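Here the protein sequences line up with chains A and B, keeping their order. All the letters of the first sequence, read from the start, carry residue numbers 1 to 349 under the working numbering. All the letters of the second sequence, read from the start, carry residue numbers 350 to 613 under the working numbering.
Since the hints were made in silico from the structure, they are not lab data. Treat the hints with care, since some could be wrong.
Partial chain A-side listing against chain B, Cβ under 10 Å, derived [unchecked claim]:
| id | residue |
| --- | --- |
| 1 | 197 |
| 2 | 204 |
| 3 | 207 |
| 4 | 214 |
| 5 | 218 |
Derived DSSO-like pairs (lysine-lysine); straight-line CA-CA distance at most 27 Å [unchecked claim]:
| id | chain 1 | residue 1 | chain 2 | residue 2 |
| --- | --- | --- | --- | --- |
| 6 | B | 591 | B | 391 |
| 7 | B | 503 | A | 333 |
| 8 | A | 19 | B | 503 |
| 9 | A | 333 | A | 19 |
| 10 | B | 588 | B | 376 |
Computed from a prediction, not measured in an experiment: that's the story for all the values here. Glycine residues also receive a C-beta, built at the ideal position from the N, C-alpha and C atoms.
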Amino acid sequence: MVAIDRPAPREDSRMWIEKIPAAYWALVVILLVIPSFASDFVMFQIFGWTFILGLIALSLMFLGGYGGMVSLAQMTFAGFAGYMVAILGASAIDTISQGWPWWVVIPLALILTVIFATAVGWLAVRTEGIYTIMITLAIAAAFFYFTRQNYDVFNGFQGFNSVLPPRLFGVDWRGPEAFYYLTLFWAAAGYFAVLYVARAPFGLALQGVRDNPRRMAALGYSVTAHRVAAYSFAALLAGIGGILLTWQSAQISPGTVAIQPAIDILVIAVVGGLRHPIGPFIGAFLYVLLKTFAVDVLVALGLGGERFNLLIGLGFLVIVFFSPDGILGLWEKLRASRNRDPLTGRERH
Amino acid sequence: MARGTVTQRLAATGTANALELRNVSKKFGALEALGDINITVKPGERRAVLGSNGAGKTTLFNCITGDFPPTTGAIRFFGEDVTTFPEQERIRRGLRRTYQISLLFHGLSVLDNVYLACRGVSRGRFSMIRPRRNDALMQSAEDLVRVVHLEDAKDTLVSDLSYGQQRQLEIAMALSGAPRFILFDEPAAGLSPTERRELVEILTGLPSHVGYIIIEHDMDVALRVSEQVTMMHNGRIFKEGKPAEIEDDPEVQALYLGGGHGHG
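Pulled out of the complex, with its shape left as it was, chain A reads as follows (with noise of 0.2 Å):
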């Protein structure tokens, strides 16, 4: 796995607002002030659904990019977090939902949720690579038919419906603008976290472990709490996400959990790129645009609409072939090529 970002020079006496290019404020400042041109359907669908997966898809950007583990369980961490706000919160099913309040539902959702990923991490980081991959697949599938199965604490094939968020300050947070800022803020909120715990010892030696495990456990450092401890932080991001994602179509089902969403978020995150935590965000955004938009082309094209799957397919093995760090690889790519002289190849100053 190859390098993140590369740090800042820390000679830089500037205030650390000060540092913050141009180009960062204008995207902060447009992701402000989308609500008021965009339609109820492009806040609540488009971007609502972006930043939900971006956040999932975070959490295995940081598993993968930071500690080189791909984990193909993280829907399945926000899918148990979505079921746990639905089991011990409010729903239609109310022969199951226990109807606790919210402020003891989400964080014990959260709690539950880390505690289910630092034991299938304990299991995950025995293996290494392809085995990885293998193990987590594994558990996402043995959740996904558990949860279709057992009718008495997961509802079964129905799952549960009218999970709803609450009635916070008295907002509606499933209102299309309140619902975008609810998602814009938590996807911020877990992007701004994984940067800063990037650079705190625990990211870095995470980094290290990545790199190069026999010396950090001759370094003095425990390899495996490391890594078990990453997949506790990644399941917290992915948990927010499941939560959000849970309110956003007011239910959970088996569906949520299947393997198919479980692909999906590792395509995301790849074509996105694992170097930087924004690669997760651009990948779900292609990906919901894709997902939102394919059929309409298709069907304009005279194809099939349900050939979409199609689509995203190409596009993945279009840019896994030509760049290997997704759509943030191309984009250095391209930054490099500019700055190079045509005719030498050297790099301009």
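Based on these hints, arrange chain B on the given structure of chain A.
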């Protein structure tokens, strides 16, 4: 095995030798890589281990650091029997080593590599709080980067460093976290003449309480940075003495130096 309290350990270090190997041997199947090794190194002593390829030098290091345990024999580190201790327990007691092959963190900067090495022997390895600029560990990491003359490259990714710079970084990492004894595994291999001079400067400039064993093929480096020399041959100790004695010894010259001592 009782590992003893800190006070017991500190009391033991007062009079004990830095490193003591008693009848250490290591077998890989039928192959005897080390046989009947007895070495005593006093605190602060600097010793070179010489010998041709396959003489068992790196195997000796691996036994001392705990990469793998010796087949027979005992290893004492500042009076404490560490023969069965895992690697990180020895690290925490102040033993360090450098590696022949590059075992650095290529995706991280020079300073981050040294910082990780400093952090490894202290608390807060799971801390989610970023270190501040005046953080004590960050300061000591910066100091070490300066000691090995890498201050201009401290924010460079290791994958962008030259080979010589990577070797210098390797030494900075070995110096992290108050070492008491360091094992240098061919630190001069592949270095340019200028870099070798710098290496000798760094080694001779180490604090006097820090002892080390250096494996080195370059006799000019090895004999200039050591007070004692151990010659190894076929997994056994073949001769011990002061650098000058070893250099002038006819047997050693015949076996290893090939007549005139060279730079090989």
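* To do: Go through the numbered hints given earlier and state which of them the structure violates, listing their numbers in rising order.
  => Going through the list in order, the structure violates no hint and respects every one.
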